[in-house]
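S.K.: Sequence:
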Amino acid sequence: MLLLQLLVDGAVSGCAVGVVAITFAYVYATTGVFHVAHAGLFTLGGYIAWWLSGQGLPFPLALMGAVAVGAAVGAVMQKAIYETLMKRRASPLVQLIASLGLLAILQNLVALLFTPNMLQFEAVSWRLSMLDIGPIHLSLPQIWTLASSLAILAGLVLFSTRTILGKRIRAVSSNRALAEITRLRPFDVYVVVVAIASGLVAVPSVFIGVDQAMQPYTSVLVLLTAVIAVIAGGIGSLPGAFIISVVLAVLQNLVLALMPGRWSIAFTFMLFIVFILIKPTGLFQTRLKRAS
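Oh and the sequence shown: position 182 is 182 in the UniProt record's numbering, straight run, nothing missing.
Treat the hints as calculated values from the structure; they're not laboratory data. From the three backbone atoms N, C-alpha and C, an ideal C-beta is built for every residue, glycine too. Where hints are given, some of them may not hold.
Claimed, not checked - Per label pair, the in silico range of CB-to-CB distance:
| hint | residue 1 | residue 2 | range |
| --- | --- | --- | --- |
| 1 | Gly-134 | Ala-213 | 26 to 34 angstroms |
| 2 | Gly-56 | Ala-147 | 47 to 55 angstroms |
| 3 | Lys-87 | Leu-165 | 33 to 41 angstroms |
| 4 | Leu-112 | Lys-279 | 40 to 48 angstroms |
| 5 | Ala-147 | Ala-68 | 43 to 51 angstroms |
| 6 | Met-270 | Ser-125 | 39 to 47 angstroms |
| 7 | Ile-273 | Leu-158 | 54 to 62 angstroms |
| 8 | Leu-2 | Leu-224 | 39 to 47 angstroms |
| 9 | Leu-131 | Ile-181 | 24 to 32 angstroms |
| 10 | Gly-134 | Arg-88 | 42 to 50 angstroms |
| 11 | Lys-279 | Thr-218 | 47 to 55 angstroms |
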């Protein structure tokens, strides 16, 4: 029964990581920026919702506020930093260094404004509610994490393939030079993409914070796992990144039954290295091409 519970818990946390992975992949495939500051936006979303709920705002409004703030901050990052570097023809390495700087700023700003210590959503009364399904025990926040993550995956895939804006984004990601010639305004598209990704990544951040607790500096490991999932799933394949995220999280949880927790992440990454040596192009076919 322990293995079954570990499997379910891993699947739930994997869905949260999956949202981080698909939103990171969406930004990278479209803009070509290795957006490590995405981890800082993940952290920011949870703290904004915590602060808003602490001010007496109902949880749904606090969640929407976190999404809105995340989207706004992401858009400002793209417009003020990444777009400026792109127009000055900065190399991908320079853009990566700038993103690392933004990550450090966001994490330390959160620690300064709130606290570097662990925080819990004390104002959310239902955070300790449980649902028992036979031998499996799920908290209400876990159920919401699972449901919202699957909804975000489905929504983002449908948005990318069925809407005019989504098709425009795919066109820009395929060929930025041609997009400029055809007046698709790629830089405007980049702002929209980063805003969408930054808003969506706040959702799992909030529900994980409600279920467990929050600290400003723990999101880097989440992003690292997400990036591994993006690479293993095939860069640009949103379902592939999501599925691999779930697989990695489940493996990390199941390994806990065999070895101490500090070794579970190392074991999972070792499996990833073996996998990538065997299939360096990723498991799933790429849906989007990285911007050139």
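S.K.: Next step is simple, just say for each hint if it's right about the structure.
M.R.: Here is how each hint holds up against the structure:
Between Gly-134 and Ala-213 the beta carbons are some 28 angstroms apart, a value that agrees with the proposed interval 26 to 34 angstroms. Checked against the given bound of 47 to 55 angstroms, the beta carbons of Gly-56 and Ala-147, roughly 26 angstroms apart, lie outside it. Between Lys-87 and Leu-165 the beta carbons are some 23 angstroms apart, a value that contradicts the proposed interval 33 to 41 angstroms. Between Leu-112 and Lys-279, the C-beta spacing of about 43 angstroms keeps the proposed range 40 to 48 angstroms intact.
Separation of Ala-147 from Ala-68 is about 21 angstroms and departs from the stated range, judged on CB atoms against 43 to 51 angstroms. At about 42 angstroms, the CB distance of Met-270 to Ser-125 agrees with the hint of 39 to 47 angstroms. Take Ile-273 and Leu-158: their Cβ atoms lie about 34 angstroms apart, and the range 54 to 62 angstroms is violated. The hinted range of 39 to 47 angstroms is not satisfied by Leu-2 and Leu-224, whose Cβ atoms lie roughly 27 angstroms apart.
Evaluation of the 24 to 32 angstroms hint for Leu-131 and Ile-181 yields a failure: the beta carbon distance comes to about 54 angstroms. Separated by about 59 angstroms at the C-beta atoms, Gly-134 and Arg-88 break the suggested range of 42 to 50 angstroms. Between Lys-279 and Thr-218 the C-beta distance comes to about 30 angstroms, which lies outside the given range of 47 to 55 angstroms.
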